[in-house]
Structure formats: C-alpha cells, structure tokens
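Peer 1: Chain by chain, the residues run as shown.
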Amino acid sequence: MKTTKKINLDGISAIMYPLAFGIIVFLMWQGGVLNTLLHTDTNTLPPPSRINSIIFDNTAKILLNLKATIIVALIGLLLGSLIGYGTAIIAAQNKKWGSGGITLASAFNAVPIVALAPVMNNLTKHFSSNVDYRSMLAKTIVVMIVCIASMAVNAYRGLTELKPFAKDLMKTYAASNFTIFKKLLLPNSVPYVFTALRVSLPASIISALVTEYFSEKVIGVGRQIRENIVTAQFATAWAYIIVSCFLGIVLYVILLLVENSVMKNRKIK
Amino acid sequence: MAELNKKKESNPFVTLVWTLGFFIIWEIIAFLVEASPSIRSPEKVLPHFWKIIATAFDSKKINGSETAIQLVWLNAKVTLLRSAQGFFIGASIGFLLAILMSLTNVVKKIAFPYLMIIQMIPILGMAPIILSFTGDIDTSRVVIAAILTFYPVATNTLAGLEAVEKEKHELMYSYAAKKWQLYIKTLIPACIPYLFTGLKVSAPLAITASILVDTLQGGIGLGCLLSQSLKGAMTRYVFWLIVVISAAIGILSYLLMGIIEDLVSSHKKAERACKR
Amino acid sequence: MERKNIKKATFLVFAAMVVLSFSSCSKEESATVTETKEVSTTTTTVSEVKTDKDRILEAAAAGKIGNWGLGNEYEILALLAKYDQPLEFLSQDFTMDGFDDDSIELASAMTYNELGLVKNDYDGAYGYGDSVGYIDMNDEGVAMLEDNLFTTKEFAMANPNTVKAFIYASLKGWADACADPSAAAEVVYKYGSSVSSEHQLYMASEVKKLVETDTLGNPVSNYGYMDDAAIQQTLDLAKTYIQLDDSKAAEKLASLTIDDIRDTSYWVAATESVDGSDLGTPEKTDVKIQLKWLPQSQFMGYYMALDKGYYDEVGLNVTIVPGGGDIAETTAVYNGTVDFGVTWVSNMISANAAGMGLLEVAQIYQRSGLLLVYKK
Numbered sequence: 000m001k002t003t004k005k006i007n008l009d010g011i012s013a014i015m016y017p018l019a020f021g022i023i024v025f026l027m028w029q030g031g032v033l034n035t036l037l038h039t040d041t042n043t044l045p046p047p048s049r050i051n052s053i054i055f056d057n058t059a060k061i062l063l064n065l066k067a068t069i070i071v072a073l074i075g076l077l078l079g080s081l082i083g084y085g086t087a088i089i090a091a092q093n094k095k096w097g098s099g100g101i102t103l104a105s106a107f108n109a110v111p112i113v114a115l116a117p118v119m120n121n122l123t124k125h126f127s128s129n130v131d132y133r134s135m136l137a138k139t140i141v142v143m144i145v146c147i148a149s150m151a152v153n154a155y156r157g158l159t160e161l162k163p164f165a166k167d168l169m170k171t172y173a174a175s176n177f178t179i180f181k182k183l184l185l186p187n188s189v190p191y192v193f194t195a196l197r198v199s200l201p202a203s204i205i206s207a208l209v210t211e212y213f214s215e216k217v218i219g220v221g222r223q224i225r226e227n228i229v230t231a232q233f234a235t236a237w238a239y240i241i242v243s244c245f246l247g248i249v250l251y252v253i254l255l256l257v258e259n260s261v262m263k264n265r266k267i268k
Numbered sequence: 000m001a002e003l004n005k006k007k008e009s010n011p012f013v014t015l016v017w018t019l020g021f022f023i024i025w026e027i028i029a030f031l032v033e034a035s036p037s038i039r040s041p042e043k044v045l046p047h048f049w050k051i052i053a054t055a056f057d058s059k060k061i062n063g064s065e066t067a068i069q070l071v072w073l074n075a076k077v078t079l080l081r082s083a084q085g086f087f088i089g090a091s092i093g094f095l096l097a098i099l100m101s102l103t104n105v106v107k108k109i110a111f112p113y114l115m116i117i118q119m120i121p122i123l124g125m126a127p128i129i130l131s132f133t134g135d136i137d138t139s140r141v142v143i144a145a146i147l148t149f150y151p152v153a154t155n156t157l158a159g160l161e162a163v164e165k166e167k168h169e170l171m172y173s174y175a176a177k178k179w180q181l182y183i184k185t186l187i188p189a190c191i192p193y194l195f196t197g198l199k200v201s202a203p204l205a206i207t208a209s210i211l212v213d214t215l216q217g218g219i220g221l222g223c224l225l226s227q228s229l230k231g232a233m234t235r236y237v238f239w240l241i242v243v244i245s246a247a248i249g250i251l252s253y254l255l256m257g258i259i260e261d262l263v264s265s266h267k268k269a270e271r272a273c274k275r
Numbered sequence: 000m001e002r003k004n005i006k007k008a009t010f011l012v013f014a015a016m017v018v019l020s021f022s023s024c025s026k027e028e029s030a031t032v033t034e035t036k037e038v039s040t041t042t043t044t045v046s047e048v049k050t051d052k053d054r055i056l057e058a059a060a061a062g063k064i065g066n067w068g069l070g071n072e073y074e075i076l077a078l079l080a081k082y083d084q085p086l087e088f089l090s091q092d093f094t095m096d097g098f099d100d101d102s103i104e105l106a107s108a109m110t111y112n113e114l115g116l117v118k119n120d121y122d123g124a125y126g127y128g129d130s131v132g133y134i135d136m137n138d139e140g141v142a143m144l145e146d147n148l149f150t151t152k153e154f155a156m157a158n159p160n161t162v163k164a165f166i167y168a169s170l171k172g173w174a175d176a177c178a179d180p181s182a183a184a185e186v187v188y189k190y191g192s193s194v195s196s197e198h199q200l201y202m203a204s205e206v207k208k209l210v211e212t213d214t215l216g217n218p219v220s221n222y223g224y225m226d227d228a229a230i231q232q233t234l235d236l237a238k239t240y241i242q243l244d245d246s247k248a249a250e251k252l253a254s255l256t257i258d259d260i261r262d263t264s265y266w267v268a269a270t271e272s273v274d275g276s277d278l279g280t281p282e283k284t285d286v287k288i289q290l291k292w293l294p295q296s297q298f299m300g301y302y303m304a305l306d307k308g309y310y311d312e313v314g315l316n317v318t319i320v321p322g323g324g325d326i327a328e329t330t331a332v333y334n335g336t337v338d339f340g341v342t343w344v345s346n347m348i349s350a351n352a353a354g355m356g357l358l359e360v361a362q363i364y365q366r367s368g369l370l371l372v373y374k375k
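Protein chains in written order, with numbering that gives the first Met the number 0: chain A, 0 to 268; chain B, 0 to 275; chain C, 0 to 375.
FYI, nobody ran anything at the bench for these hints, they're computed from the structure. No false leads were slipped in.
Which bits of chain A does chain C cover? Going by a derived footprint, with three or more residues having C-beta under 8 Å, they are:
(1) 40-54
(2) 117-124
(3) 225-237
We put the CB at the ideal spot given by N, CA and C, even for glycine.
Okay, chain A solo, but in the shape it has when bound (with noise of 0.2 Å):
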C-alpha cells in the first residue's frame, strides 16, 4: 500500500517536474527572454506564436512532408531491425564467430550518412526508374542500414545471456531448435529488443531526416527544414523542426506505452 503511493507520487512528480520547467522554458522563449540569454534575434529562434501560425497555415503541406518522413523512418527502422535481429540469431548459433560479426555490422555506423546517401542515391536508380519509388527505396536503405547495428548487439546479448543451464534443460526434454528459439532465446531477448529500439528510434528519425537533404525527389520534413534554412527562412524551418520533434517524442512514447505493457503481462505470469 505504502510502495505504491509512493509510486503514484513519483510518476505525478516525474511528469510535473519536466512540464512545470517546460512551461518555464516556453514563456521565456515567447517573452524574447531566450533570445536575450542566446544572443540571438527573433529571426533566428522565432517565438513559438509564429511557428504555430505557421503550421496552423500550412497543415496539408506539412502532413504531407510528415507522411514521407513516416513511411521512411518507420519502415527503415522496421527492416534495420529485421535484419538485425536475424544477423544475432546467426551470430548466436556459433558465440566464438558470431560475436565477431556482431562487432563487424556495429562497424558501419561509423560511416557518415553524408556519405551514405549519394551512393545509395546512384545505386537504386538501376533498380527502378520510377523516381518516387526509387527515392523513397534509397532513403529507406540509408535508415535501415543506421538501424541494423544496434538491434544486432542488443538481440545477440538477449538471445546468448540465458539463465543458467535454461539451454540444456530444454535439450534434456528433447526439444527442437525451433520449439527453444520460440519458448526460450525469444522471450529472453524481448527486454533487450526494447532496448535497441529506444535507441534506433530517434536514430531512425534523424537519418531519414538526413537522407532526405540528397534525395532525389524534393520531399520530407528534413528537406524542407534544409529549403527553409539555406533560403534564410528561419520562422518556416523552426515550424519543421517542432513538427518532427513532436514525431519523435510522439513515436517514442507510443513505443515506451507498448513495451510497458508487454513487460507487465510477463511479470503477471
């Protein structure tokens, strides 16, 4: 009874402390009192009014950026982590090998996006010659490709760090790789899913926002706000900007709600 009051005050604490200061924050930004502290004009840091006039004025063009991003992001993310996870279930059959391939596919976040866009850009259009698809299929590569590595690691570690003996147990009762991978390795290694997502989540967010400053066509959020920023027209990007803020606060949380609620069904069994 004790405990969970206190849990109660802790959550109403822990969503009013951050909202109280983030009001704080924004009346300072709408009085001008942060421009005064970052030296900087109501140009270069608008108050939010204009910003939300601003998306209030242009809501289908917006949504539409969004969508873009949306699909880009989400599917990168979604086959990154496909690709990831079967990368660790491979790795895990063998650990002296496979831990070593682990750390080969962590290597290729060390190439810059930047890098990555164009050749992705001049790759896909022997693959398709319609530019929409083409466009998108390149964007989603370059997602993917920043979304593998995390998964890998995180999946290999939940699919290899079991209870003790949990492994040979099953193999006493005489079951099949599938039936352990399915009753044991998977369960095992959901916590550990979770904890790549939260990483490549946001990840995912901001490269499909980078791919999209070399895409071919000229859509998505992350263009627009670069369009906005290089023709000096700060008000309109910062109106991008919080859109796609919110697009990762928003999806960040809906994943936080979905892993809350799988691992409270687990503990409940």
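Fit chains B and C to the given chain A structure using the hints.
Peer 2: Below, chains B and C alone, put in the same frame as chain A:
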C-alpha cells in the same frame, strides 16, 4: 546503447577472418557492379576496394600541391581535432550531468525528457542559433559535436550510478562516510564500466557528427572535402577514400576507448591487489 | 499469456507498417501510370528536328528536368511557367551523375562549372564534348541576376568608407582578373582550391563572360554596375516564384521594391574615386567576405585583389571565407560572423523577405550563368 563491451571475446583470429570475409563480399559486389551492363560508371556505385587503396598511394596531385591521401589527411586532421574537442567537452558535461542527476531527483526528472528531445532536434536547425551565439563557425562545430555526444555518456553513467547496490550505500553510511566520500570511493569507481559503454558509443558519434557539421560551411574538414569531392572536378575515388578513412577513424576511436578502459580497469585491479 | 501479448504487439506493428506502405505504394503506382501515358503521347508528336521548346515539353512531361533546389530553382520554375508546364523538378545532388545516367534529361548547369564538367574530359569530368547542347536562361528571358556583393543595411550605414573602399579594391581585382583570366585562375588555385587547375582555368574564362556581358548580350565595361532593369526583372520573377510558407514573410516579399535591396551610392563613390585614397578612412579595417561557394575562379576578383594587395592599399585587412554549406552566406552576413557576402540576388530577396535587411552594393555578374544542358 551498444553495450558491446559487456562480453569481450575478442579473438584476433576471428576478427581477422570476419574482416577478410567482409572485403571478399565487397569485391564480389564490386565485380558484379562492374560486370553489369546497365551501370555505366561503376565507381559511382561501388568500386573495387583495392582501387580505393590504390588512390591513397597515387602520387598524382589532386589540387596542385597535395596528393589524394595528403589532401584527405589534411582535412581529416582538422575534423579529428574538432571532434576530439567536442567529444571531450560533451563527455565531461555528460558525466557531470549524470552525477548531478543522481544527486538530486528534481534535476533528474526535469533533465531526462529534455535531453531526449535535444537529441531529436536536427543539427541543421540548431546550427544558426549556435552560430549567432558563438559568432564563429568553428566554435559552433565543436559545440554541436559536444551536444551530440553527451547524451550516451550521461545516460550510461547515470545507469551506472544507480546500479550500485543499496547495500554498498548502507555500508558506506554505516562507516559514517560523507556524501562526497561516498561518490569518490564507491559510486564513481563503480560506474566506470558504464561510463566507458557511453564513451564507446559517443566516440564514433562525435566523428560522424563532426563530418556532418563540416558541411554547414566551406573550409577545411572531412565533411567539406566530402561534398567537394562530389561537386568539384576530382576523381570519384577521393570520395571513396574519405568514406573508407572516416569509417576507419570511427572504428579506431571505438577501439581506443576500449584500450583506455582496459588500462583504467587493470590499474584498478593492480591497486586492489596491492591493498590486499 | 506472455507470448500472446508479444504476438499481439508485433502483429499490430506489422499491420500498421503494411497499411502505411500499401497506402503509399498504391499512390505511387497510380502516379507512374499517368506519367508513362504522358510520355508516350508526347514522343509520338515530336518531329525530327527538336527545338528547345520541344525538349522542355518532353523533359517536363517525363518529369526529368533537374535543379539543385535550395534557392537555385527560381529561373527553372519561371521557364516551366513560360511553357505552361507543372512547376516540378528533380533534385540534383551537385554531381552531374543524374545527367550522365539519363535519369535527368535537362539538367541544370552553370556555364562556368557544371557545363565544363559535362563537356571536358579531365579527372572527375564526364567528357561529353560537343555532343551536348544547352538552353540559356538569358535567351529565354527568364534570367535572374546571380553573384553580387552585399552587406547589411546596418553595416553600410555605420561603415560607409569601409564599404566604398572594399568595393573599390574588389572591382580593381575583378578588372585584373578579367584582363588575364589564366593568371587569375592560378592565383585562385594558390589560395587553396580543391578543384583541378584545368577546371579552374576553364571556369575563369567563363566567369569573365558573365562579368562583361549583360542579359541581352551587350558588353558591359563598368564592373559591378547595377542595372535597374535587370534587378527589376529579378525581383519580379522572385516575387512570382519564391514560395514562402510564412505568411508574414510572403507579405514582406510582395511589398519589396528594388530600393529595398540595392544601394548604388557606394558603388558610384567607389568608381568615381581616382586612386582609392580619396574614399575616407575606413571605419572598420578587419573585414571578412563570405563566398557563395567553395574557393574557385567563380570568385577570382576577390582573390586577385587580395593577392595583388589592393585591399591593403585602401587600408583593409580582408579574410576570404569559403561558402558552400548549409549556413547560407545571407545568414552569415546577417548575424555578423562576416561583413560582406557574395550571393544570388534572389537569395538576398528571400532573406530580406524574412526580415534580414540585406543590401546589395555591387552586381558582379551581369547575366545569368544558369543553363539547362541536354544530350543532343
């Protein structure tokens, strides 16, 4: 976080075979690209790895005074220095922030969601504000690299500080240890493995971030050269050389953190052994 | 219990992904169908000898007109509007790869840069020689002025002598550079360009043409001259084709006149000066100029002035800052990191629409250097 260091079974032979395997696959794909009739300029899709390496040893002057590798190295040095500065500042701030967050619950609760949000602001959006604040593009580049690196360090260190078992706390308090003693004697040493996990993530991040930040304005830097190698009149192999070298630097920075960690932890072990 | 929930969650995520991807794919497919139809109808009507108009209509129908975007696209949009085509283009990524592999039929190119890369056969160039042709924006009547010299209104007011002295020395550099482009190319090369010397030389000879010829093809002898008619045409086109989402900025754009974007008095004073010493003591002596792009012959006049000591002569200590990144020169001049900048007039107009208060003090390029290049 890519907690690779948890289990280190670094067998040099295994790593070698994997690396070789990777390059064999690269060469096969490059061969297929070259053989494909629809791909007119294979070096724009994926050239042979040995040709990229050959470019490094080519004595032909790319811009009158430097060969390809000299030019890349000249720019890499600048980017490396900037990313090292950014990494150092970012890691320090991340570490201090983690301690501050573990000290006061209020700071932790306030800061945590916002640290997350800062990571989601595209660099391009932050850049003009930081530029007008610092008034100098190179300082801005360092600042942005720092902003992008402190998050993994802060979160991992905090996780480490929180992971120290309660019993250790209570034991120290029973010795009537002061709070700062508690931190210096138990908490900070205990969170060092976690700190290095964070450092290993953010070291390559600092480098890729610096390369991205380079493209904000012209000048010297790997990112600048990268875009120049696509825009200007020079062979496409310079571009590939940059890709290979920047990836190599990123991997090396990761390995370097591992080496430092080994040094620190072996030092700690030796200390403990002496005390016994 | 546990597995069911995991299954449920993964199923939900999958379902969401599938729905998302299908909804996007189906739209993309329908777009392709209409596109191919349009192509087939136009190809049947095209006659043996293609005119420029045919080429534009054909490429527009196929959706294969390229430009870099990012504020470089307004002339292309004006051209498309002239031929009643939809205002859409493919994004070129600053290489000419798209032109090379035929994913772009009509590719944007600057006379002094990309055209040389397409035609010539040095390292990194594409070697098409005379097998390519081009459509010139000046001939099409949609030319907008490009490389100028600008500062902020505030800076010009506070430091009039610095501005005059800077214009004076810079124009002297431009005169020298145009008198001997190959010497200028070497000077630029010396100051750290990453472009090959052959390309630098090609660029210098082409830039000379842009500096000494106006949009109608007439010779210009007074360097940096600000032609009101050409600036007016640039402003008019900018007002039509710069699309701003910010309604406040859009209002400002519509209200701009050429007096809001250029001031000829500093240039007049500089050109009337006998030897630069009669321009008064500069208020600020350490000044920086940010280029629009990487160091190359496009900016040879400034490098020439620096190399020959013309800036020193008028008492200025000048640093040349290379551009070419995403922090535009307009932003850098506006927030005071640099004092002068080189930009396209259209970019200055959109920056002023956003409230930046920038002021052109000399117009270096007298005609548009933008072309649409095609394979014959």
